[in-house]
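Assemble the complex: chain A is given as a structure, and chain B must be docked to it using the hints.
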Amino acid sequence: MRILLAAPDRDILMCYERLLSQEGHEVTTAFDGMQIPQLLAGSGPEAVILDLDLPGLDRSRILRMFAEDNIPVVALGEALPENADAKNIRSLRYPFLPEELFAALEALPGKRSLPGTADAAPGKDIGER
Amino acid sequence: MDTARKRFIRFAMLAVFVLLLVILGIINGMNFTMAAADADAITERLSRNKGSFDNSKPMEPGFLPDGKMGPMGPDSPEVSFTTRYFTVRFDQDGEAKLKAFQIAAVSEEEAIEWASSLKNGTTGWTHGTYRFRVYTQEGKTFVTVIDQGRELWPSYRILYISLGGIVLGLLVSYFFLSFMGKRVFAPLEEADRKQKQFLLEAEKEFKVPLTVINADAELIEREMGPSDYTTSIHRQVRRMTGLVRQLGSMAIFEESAEAKRCSVSEILKSAAESRREELAARNIALTMEIEPDAALVADSELLRRIFGELMENAVKFADGDVRISLKKKEDRVQIRIANGTSLADGDRNNAFDRFTRFENAEGKSGSGLGLSMVKSAVKEMDGRVGAKVEEGQFVVHIAL
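Here the protein sequences come in this chain order: A and B.
Under the numbering used here, the residue at position 37 of the first sequence is numbered 37, and the numbers go up by one with no gaps.
Under the numbering used here, the residue at position 28 of the second sequence is numbered 28, and the numbers go up by one with no gaps.
Simulated from the structure, these hints should not be mistaken for laboratory data.
One or more hints might be untrue.
Claimed, not checked - Straight line, CA to CA, 20 Å or less: simulated EDC-like cross-link-like pairs of lysine to aspartate or glutamate: (1) B/Lys204 with A/Asp11; (2) B/Lys204 with A/Asp53; (3) B/Lys204 with A/Glu46; (4) B/Lys260 with B/Glu138; (5) B/Lys316 with A/Glu99; (6) B/Lys316 with A/Glu100.
Chain A with its partners taken away, still in its complex shape (with noise of 0.2 Å):
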């Protein structure tokens, strides 16, 4: 799957990438609101992985962009504003696990799993590895 995995935290932005990478994604990264337009010109994402408090964005009119286009969303953080289409967003809070996110994307409506997701089983104990 296409994924643009914007967050303000470039730590966040190398883990994820690599990590959502192994599971056979391709991954295009965003650490500020103003690249978000020209990342979904031509083939645009598949999903969006979306940290609420990415600066340079106007949450609203983004996840707007997100619906009309149909492309679904896992919101990263806390509230997500008041008429946001939720058919579209899945939300996770801060602090999350990997299989959190791979399970929350697994979930996601009208998304296209690729070959190789199959591992991200939600709900995994990592204590018991």
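Quick look at chain B alone, frame taken from chain A:
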């Protein structure tokens, strides 16, 4: 903190009321007791002369030539002139005769009638402000009744003023406490606000680093293989994640923000649906019977946290299916969240006590604070919450 201030004002006013009641009660009690004693002294003086005053011997005036005070009160020489009274004598055959009659408010017939009804008593009050005494002399029974209305009037006046004083005292103390309460609690409210602000900021600042640490540990394991150290990192991060989430919940739970009409059905449904996949991965079914359009005036964020905490609890400890129901009952809402459990049947209301963890919590993360915070929040909303185990289901029931 607003609740604490109102509770302080209520208790302080109760203390003022009790204090005024006790002090004024004692004063008025003593006043009336002393009035009764004065009246008894007069009836006793009358009884010494078979129910009338003995004015045959000269009595000393109030102020003596040498400047000393003469007899005062019941023994004053003026008492025989100011006391309104009557005495009825009952002969051995029961015949009643008026012995003395120095009163205007009662007729002779009424005097005999009153005395007949009192002759089996000893002493006491009758017909409001009349004091009586029954005594026997030379085989005959005497009933003396004196009118203490004029003497008691000041005592009643003091009583009415006392009652008015209690009401006035409560009003004054209410306004004073309300005014002072704001000033006394202002530093406490500020400290409380700063503490909540700190909890929320700390929660925010911890969250992203924890996410990064765990992701880094995951990457290390994938690239270099798992080790005891990465397992330990995961374990400690899980523990810190739980604590950090509860830090934020504590700040939100303690005081709710603006309440407005919100859909309880939608909030509960959303909280439950967000855990469906997790339960499905463990082959646990989630069933919901949520009546639509159940709405309340409440803080929606607080409701989200309450239901989130209850779902967290249900999912963490579910040994079997999770069932959620919401029913509307007039202007209230009744919610049940049940999960399969291995706990024995019985009342489990102590689940809401701080730091309580049951036997099935062994090996599971958590501080035992979540449900206690839920209870505090539900109480703030004037709701009720309880828990029990019945037929293999741990059931939390809330009425809002």
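Each hint tested on the structure:
1. B/Lys204 with A/Asp11: 16 Å, holds
2. B/Lys204 with A/Asp53: 11 Å, holds
3. B/Lys204 with A/Glu46: Since the Cα atoms of B/Lys204 and A/Glu46 sit roughly 29 Å apart, the hinted pair is violated (cutoff 20 Å).
4. B/Lys260 with B/Glu138: 87 Å, violated
5. B/Lys316 with A/Glu99: At roughly 16 Å apart (the allowed maximum being 20 Å), A/Glu99 and B/Lys316 satisfy the hint.
6. B/Lys316 with A/Glu100: 15 Å, holds
Hints 3 and 4 from the list above are not met by this structure, while the remaining hints are.
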